[in-house]
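The listed protein sequences correspond, in order, to chains A and B. In terms of our numbering, the first sequence opens at residue 1 and continues consecutively. In terms of our numbering, the second sequence opens at residue 115 and continues consecutively.
Quick caveat, the hints were computed from the structure, so don't treat them as lab data. Just so you know, not all the hints are guaranteed correct.
Claimed, not checked - DEER-style ranges, computed between Cβ atoms:
(1) B:K192 x A:K58: 37 to 47 Å
(2) B:T187 x A:S80: 42 to 52 Å
(3) A:I60 x B:G173: 39 to 49 Å
(4) A:P40 x B:Q194: 37 to 47 Å
(5) B:E171 x A:K42: 40 to 50 Å
(6) A:D8 x B:T119: 29 to 39 Å
(7) B:E171 x A:S52: 22 to 32 Å
(8) B:V126 x A:T5: 41 to 51 Å
(9) B:Q194 x A:E71: 40 to 50 Å
(10) A:L56 x B:T184: 39 to 49 Å
(11) B:G117 x A:S84: 18 to 28 Å
(12) B:P195 x A:N41: 43 to 53 Å
(13) B:Q194 x A:S70: 46 to 56 Å
(14) A:L7 x B:P195: 19 to 29 Å
Heads up, the beta-carbon is just placed ideally off N, CA and C, and yes, glycines get one too.
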Amino acid sequence: AQSVTQLDSHVSVSEGTPVLLRCNYSSSYSPSLFWYVQHPNKGLQLLLKYTSAATLVKGINGFEAEFKKSETSFHLTKPSAHMSDAAEYFCVVSYTGTASKLTFGTGTRLQVTL
Amino acid sequence: EAGVTQFPSHSVIEKGQTVTLRCDPISGHDNLYWYRRVMGKEIKFLLHFVKESKQDESGMPNNRFLAERTGGTYSTLKVQPAELEDSGVYFCASWDRDTGELFFGEGSRLTVL
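Pulled out of the complex, with its shape left as it was, chain B reads as follows:
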């Protein structure tokens, strides 16, 4: 069974540009989460989808970040325009409600120059 897949694995962009990160959760997992780790800091919650609906987006830093999950399958996280402080690793996770386990992807590393 495929795990949580994220791409790109690494993206380098200049300040002011736009980047879109994608996450494919494990098939059948309705709950999808985005987390972020800025360098030197702890991993922080960004938002939570249940199917295509945003259940909790209290962790989104500002309106330059837009997350979508059309059709309740894969999700995208767009940063527009990117700022230097957006650099970090963005993790996606999906939740198996039968086991209660959260499965993480390998993360997308974003570098904003």
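Okay, chain A solo, but in the shape it has when bound:
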């Protein structure tokens, strides 16, 4: 069965400093990987997705993630955090190549302080 592990339930950074949200996945086959973000009282929004093209994926709002098969990782990064980045982030895996039956991580809540 597919699974995804988000290594930190909470991450706190200062505004202007780098963000790193960690994600590892289990894999028997080539996965499709996604990062979603949920701001308070909002729906889940797609940040970026990896579907076996370039291993470094750029998303919206300055976020990017790198697919590392050898480490089975798909960590999310951003060079400089902004207050508006405070939200909950979900690493998601799918093995069907479509949007069917996504498997979500437990989420990482990002806090950004002044």
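We have chain A; now place chain B onto it with these hints.
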């Protein structure tokens, strides 16, 4: 263009009562999904519609849950009778097959007392 719409946004009911959640997908999206997040746990797949047909309902927890999508437009998810463990946030999503992107609604929060 309107996004995925869900209502109610929040429902509080007592154990044993019935609740119906509704989802209106983005117009033209044939694929519709329901997911659920129970407090403190990960978001889990419930079921998948293609138009009015259930493509995969392997995530439905038990027969107290009934999902329908008559006419292949909006979908409803009924919980009858509700139990305490049904509390959580129910998300609906529809899929754009041209871009491969899944669009989520804001969720319906269900509280069973």
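Taking the hints in turn, this is what the structure says about them:
no.: 1; hint: B:K192 x A:K58: 37 to 47 Å; result: 41 Å, holds
no.: 2; hint: B:T187 x A:S80: 42 to 52 Å; result: 43 Å, holds
no.: 3; hint: A:I60 x B:G173: 39 to 49 Å; result: 28 Å, violated
no.: 4; hint: A:P40 x B:Q194: 37 to 47 Å; result: 30 Å, violated
no.: 5; hint: B:E171 x A:K42: 40 to 50 Å; result: 27 Å, violated
no.: 6; hint: A:D8 x B:T119: 29 to 39 Å; result: 33 Å, holds
no.: 7; hint: B:E171 x A:S52: 22 to 32 Å; result: 29 Å, holds
no.: 8; hint: B:V126 x A:T5: 41 to 51 Å; result: 33 Å, violated
no.: 9; hint: B:Q194 x A:E71: 40 to 50 Å; result: 46 Å, holds
no.: 10; hint: A:L56 x B:T184: 39 to 49 Å; result: 44 Å, holds
no.: 11; hint: B:G117 x A:S84: 18 to 28 Å; result: 20 Å, holds
no.: 12; hint: B:P195 x A:N41: 43 to 53 Å; result: 29 Å, violated
no.: 13; hint: B:Q194 x A:S70: 46 to 56 Å; result: 49 Å, holds
no.: 14; hint: A:L7 x B:P195: 19 to 29 Å; result: 39 Å, violated
Hint compliance for this structure: hints 3, 4, 5, 8, 12 and 14 are not met, and every other hint is.
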